[in-house]
Every structure is written in C-alpha cells, then in structure tokens.
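Engineer: Sequence:
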Amino acid sequence: MSFLSSKRNSTSKLRITIEKAFNLAVADDNGFSDPYAVLYIDGKKMGKTHVAKKTLDPVWNFHAYIPLQTDKTISLIEIFVWDKDKITEMKLKDILMIKKDAIQDDFLGKISVPYSQLFNLVHPSGTSLDYDAPENKEVVLTLEKRSVDDNVSGEIQIKFGLTKT
Numbered sequence: 001m002s003f004l005s006s007k008r009n010s011t012s013k014l015r016i017t018i019e020k021a022f023n024l025a026v027a028d029d030n031g032f033s034d035p036y037a038v039l040y041i042d043g044k045k046m047g048k049t050h051v052a053k054k055t056l057d058p059v060w061n062f063h064a065y066i067p068l069q070t071d072k073t074i075s076l077i078e079i080f081v082w083d084k085d086k087i088t089e090m091k092l093k094d095i096l097m098i099k100k101d102a103i104q105d106d107f108l109g110k111i112s113v114p115y116s117q118l119f120n121l122v123h124p125s126g127t128s129l130d131y132d133a134p135e136n137k138e139v140v141l142t143l144e145k146r147s148v149d150d151n152v153s154g155e156i157q158i159k160f161g162l163t164k165t
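In this text, residue positions in the sequence shown follow the UniProt record's numbering: the first is 1, and each later residue adds one.
Simulated from the structure, these hints should not be mistaken for lab results.
This structure is a prediction, so every number in the text was calculated from the model and none was measured.
Keep in mind that a hint or two might mislead.
Stated by the list, open to error - Below, computed lysine-lysine pairings styled on DSSO-like, alpha-carbon distance capped at 27 Å:
| id | residue 1 | residue 2 |
| --- | --- | --- |
| 1 | Lys45 | Lys164 |
| 2 | Lys72 | Lys159 |
| 3 | Lys48 | Lys137 |
| 4 | Lys84 | Lys159 |
| 5 | Lys48 | Lys84 |
| 6 | Lys159 | Lys137 |
Let the sequences and hints guide you as you build the complete structure.
Structural biologist: In structure tokens form, the structure reads like this:
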C-alpha cells in the first residue's frame with residue numbers, strides 16, 4: 001500500500017501520539033491495573049509508554065516518529081495495552097519454582113488499524129493530514145480482544161499525522 005499524501009517526501013514522518021486510555025479492565029488484586037502500551041508498525045516494536053501505576057485511566061502522552069520512506073510502505077499499525085506485573089520485575093534467580101505464564105504481563109486490549117484506513121478515522125476523505133492541522137483531531141478507539149477468553153474493556157485515545165520534525 002502506498003501513502004496518499006502529496007505532502008509526503010523523504011523527510012516526512014508519521015507522528016503517532018498515544019495519549020491516554022479510559023475504563024481499562026482490572027488486572028490486579030488492588031482493583032486497578034498498572035497499564036502501559038506498546039506501538040508496533042508492521043509487527044516491529046517502535047516504542048513503549050511508561051507504566052502508569054494503579055489506574056484504569058492512564059495518561060501517557062507518548063510520541064513516536066516513524067520515518068516515511070519512498071521505497072517502503074506501512075501496512076499495519078497496532079497498539080497493545082498491557083498490565084505490568086510486579087513479578088516480572090523480580091530476579092528469576094530468587095524464584096524457586098514458577099509457571100512461565102505467571103511471569104508474563106496481563107493483556108488489556110489492542111487496536112489494529114491498516115495504514116490505508118488510518119486517516120479515514122479523522123477525515124471522511126481519508127486525506128493525510130499534518131499533525132498540527134486544525135482539522136486533525138484525536139481519535140478514540142475501542143480496545144479489542146485477541147481471543148474470546150480475554151478480559152478486555154475500555155478505549156484508547158490517539159492522535160496521528162504527518163510532520164517534518
């Protein structure tokens with residue numbers, strides 16, 4: 001898939017801001033979660049937010065800048081939201097016996113947006129917008145499950161657009 005913006009050149013970047021999430025699922029015994037989000041472009045990890053402690057409504061304001069190259073295209077943008085488990089911070093040598101799945105962070109939800117549909121979320125024409133353009137607004141997307149057994153709720157707010165910085 002190719003980029004549709006006439007403003008795109010070799011110095012343009014796709015700026016993605018993971019602003020915040022709302023009403024996330026409870027993952028910890030204290031009634032909260034310790035959420036963080038991870039951004040992937042075509043399956044490659046491009047960045048991660050900080051862990052927001054003891055909240056179901058985290059605010060991250062994480063910015064990623066993805067270079068847009070004329071010889072490469074982006075197909076899929078994904079954001080996964082996880083609950084940081086304290087046990088993953090422990091040193092494995094201090095643990096005598098533990099199941100592998102007990103040391104993994106808890107899945108809280110994801111969004112997957114094909115690049116070809118990204119700008120349709122903001123503007124009906126699907127025209128690529130500059131990040132700071134007045135008509136470019138934040139988008140709120142419902143978090144999705146990976147499987148029927150996942151405990152997922154809530155939404156994530158993101159903003160994206162083209163920039164030269």
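Engineer: Are the hints correct? Go through all of them and say.
Structural biologist: Outcome of the hint check:
This hinted pair checks out: Lys45 and Lys164 have alpha carbons roughly 22 Å apart, not beyond 27 Å. Of the supplied pair hints, the one linking Lys72 and Lys159 holds, its CA atoms being roughly 22 Å apart against a limit of 27 Å. Restraint check: the Cα-Cα separation between Lys48 and Lys137 comes to about 22 Å, which is no more than 27 Å; the hinted pair holds. Using a Cα cut-off of 27 Å, the hinted pair Lys84 and Lys159 holds, with the two alpha carbons roughly 24 Å apart.
Pair hint Lys48 plus Lys84 holds up; C-alpha atoms about 12 Å apart against a cutoff of 27 Å. For the suggested pair Lys159 and Lys137, the alpha carbons sit about 7 Å apart, so the restraint of at most 27 Å is met.
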